[in-house]
Amino acid sequence: MIDFVKVGNKIARLRKQQGLSQEELAEKLYVTRQALSKWENGSVPSIDIVLLLAKSFDVSFEELLCLDDAEGLKVDPEDLFKGQPRNVVLNAILTGKLVVDLPKVFPQFAPNERWALLKAIKEKKLPCSLPRLLMNLTPAETHFIKGGQ
Amino acid sequence: MKLKKTILNGQTVYIEVPEGEENGETFEAIKIPKIDVAEINKAANAFRHGHHHDKDDDEDEDEEKHFSPKTHKLLRMLPFLDEEDIHALVDKILASDKAVEGLDLAAMMPFLEEEDCDRLFLRSLESGGEVTMNIVPFVSESCLGNVIDAYIGGKYPNLDVDELYPFLDSTSLKKLLQHELSKE
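Heads up: the protein sequence lines correspond to chains H and F, in order. Under the numbering used here, residue 149 is the last one in the first sequence; the count climbs by one each step, no gaps. Under the numbering used here, residue 1184 is the last one in the second sequence; the count climbs by one each step, no gaps.
The shape of chain H in the complex, shown without the other chains (with noise of 0.2 Å):
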């Protein structure tokens, strides 16, 4: 998985070494400089894109996808959606790849998520601490996840 993120920070450290505004960069590749800005920012371009950018930048698209940094997701516990798709962030959470306090976290979930979360809790296939989660909980949570333990 991209971090794209890290991919805007490095489209804009490439851009500012070749000495150039957004305005600039953005009419050399025929697009606005609200998208450029908005992929500097984390947003996801085409791959079209993608390999204008390497080519204007001189480097590979590993270089510029950053693929050969072998990180994980990485997110902010205080906002743990910012700057990732919120699938992707679950997914990460329901499999493992993404280990975080889930009952620090808990509050910022949308309802059918803390329901994926909470399933995945219950079948044990999530480590949680659950004293914590519970004062996380609303009664039809609590009274699911406590059920039939």
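Just so you know, not all the hints are guaranteed correct.
Straight-line C-alpha distance at most 30 Å; calculated BS3-like pairs for lysine-lysine [what the hints assert, rightly or not]:
#	chain 1	residue 1	chain 2	residue 2
1	H	28	F	1175
2	F	1174	H	16
3	H	38	H	6
4	H	6	F	1183
5	H	16	H	38
Simulated DEER-style distance windows between Cβ atoms [claimed, not checked]:
#	chain 1	residue 1	chain 2	residue 2	range
6	H	134	F	1095	36 to 44 Å
7	H	27	F	1179	23 to 31 Å
8	F	1182	H	34	30 to 38 Å
9	H	17	F	1076	51 to 59 Å
10	H	95	F	1160	36 to 44 Å
11	H	16	F	1097	40 to 48 Å
12	H	32	F	1160	38 to 46 Å
13	F	1082	H	48	43 to 51 Å
14	H	18	F	1153	44 to 52 Å
15	H	34	F	1150	14 to 22 Å
16	H	101	F	1126	36 to 44 Å
17	F	1123	H	147	32 to 40 Å
18	H	101	F	1076	42 to 50 Å
19	H	41	F	1088	40 to 48 Å
Simulated coverage check for chain H against chain F, where a stretch passes if three residues somewhere in it have a Cβ under 8 Å from a Cβ of chain F [what the hints assert, rightly or not]:
#	stretch
20	1 to 9
21	18 to 25
22	54 to 68
23	85 to 96
Since the hints were made in silico from the structure, they are not lab data. The beta carbon of each residue, even a glycine, is placed where N, CA and C say it ideally should be.
Following the hints, complete the assembly by docking chain F onto the known chain H.
Just chain F now, kept in the frame of chain H:
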């Protein structure tokens, strides 16, 4: 009664100080991180708004889509279904059973096993219809890798690889980008 100044959700509020603490200095403001309730509510439409892709800076990302009553009902049941029940449900979807017609796959995905996610994704691709890319994060990397191999081999000519590539592993991504470069 003494009141304590607190900043909650970006607003200043005053809360009553418990009796035992009344003698202490209580006017220090406590900062509670701002919670974006609107964002959470938006996400309650769940998994539809997963991956945002910018082709156009004017793209409207506020389009609100709601679950059908059938999906909504199912979502309330899913946490209580065991693996076998869910597996049977996926089999019904794959068999195009009328009883499960119109269900929102993206909303179901977090409750499914990876194998079932793969089967639904492949079915969605094979059917030639529009693939809901919000289900992609739940599909295994090996399944996505096979899809990319097939795409490079000429299968799935209508596949929107722009939506898919953020979820590929490094090997498949390199293959795909080399393929796209060779087309130029």
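Results for each hint:
Note on residue 28 of chain H and residue 1175 of chain F: the hinted pairing holds, with a Cα-Cα distance of about 27 Å set against a maximum of 30 Å. Proposed proximity of residue 1174 of chain F and residue 16 of chain H is supported: the alpha carbons are some 26 Å apart, at most 30 Å. Distance hint between residue 38 of chain H and residue 6 of chain H is fulfilled; the C-alpha atoms sit about 13 Å from each other, no more than 30 Å. For the suggested pair residue 6 of chain H and residue 1183 of chain F, the alpha carbons sit about 27 Å apart, so the restraint of at most 30 Å is met.
With a C-alpha separation of about 16 Å, the suggested pairing of residue 16 of chain H with residue 38 of chain H holds against the 30 Å cut-off. Residue 134 of chain H and residue 1095 of chain F have their C-beta atoms about 40 Å apart, which keeps the hinted 36 to 44 Å range intact. The hint said 23 to 31 Å for the Cβ distance between residue 27 of chain H and residue 1179 of chain F, and at roughly 29 Å that hint holds. At roughly 31 Å, the beta carbons of residue 1182 of chain F and residue 34 of chain H sit within the given window of 30 to 38 Å.
Our hint of 51 to 59 Å for residue 17 of chain H and residue 1076 of chain F holds, since their Cβ atoms are close to 53 Å apart. Taken as a hint, the range 36 to 44 Å is violated for the pair residue 95 of chain H and residue 1160 of chain F, whose Cβ atoms sit roughly 24 Å apart. Between residue 16 of chain H and residue 1097 of chain F, the C-beta spacing of about 56 Å breaks the proposed range 40 to 48 Å. Range check, residue 32 of chain H to residue 1160 of chain F: about 22 Å between beta-carbon atoms, so the 38 to 46 Å window is missed.
For residue 1082 of chain F and residue 48 of chain H, the Cβ-Cβ distance of about 45 Å falls inside the hinted range of 43 to 51 Å, so the restraint holds. One distance hint, 44 to 52 Å for the beta-carbon pair residue 18 of chain H and residue 1153 of chain F, is violated here, with the actual separation near 38 Å. Taken as a hint, the range 14 to 22 Å is violated for the pair residue 34 of chain H and residue 1150 of chain F, whose Cβ atoms sit roughly 36 Å apart. For residue 101 of chain H and residue 1126 of chain F, the hinted distance range of 36 to 44 Å is satisfied, since their beta carbons lie about 41 Å from each other.
Hint check: residue 1123 of chain F to residue 147 of chain H, Cβ distance near 33 Å, so the stated range 32 to 40 Å holds. The given range of 42 to 50 Å is broken by residue 101 of chain H and residue 1076 of chain F, whose C-beta atoms sit roughly 28 Å from each other. Look at residue 41 of chain H against residue 1088 of chain F: about 44 Å separates their beta carbons, and that is inside 40 to 48 Å. Coverage of the stretch 1 to 9 of chain H by chain F holds in this model, with 3 residues showing a Cβ closer than 8 Å to a Cβ of that chain against a need of three.
Coverage of the stretch 18 to 25 of chain H by chain F is violated in this model, with 0 residues showing a Cβ closer than 8 Å to a Cβ of that chain against a need of three. Using a Cβ-Cβ cut-off of 8 Å, 5 residues of the stretch 54 to 68 of chain H lie near chain F, which meets the minimum of three, so the contact claim holds. Using a Cβ-Cβ cut-off of 8 Å, 8 residues of the stretch 85 to 96 of chain H lie near chain F, which meets the minimum of three, so the contact claim holds.
The structure does not agree with the numbered hints 10, 11, 12, 14, 15, 18, 21 stated previously, though it agrees with the rest.
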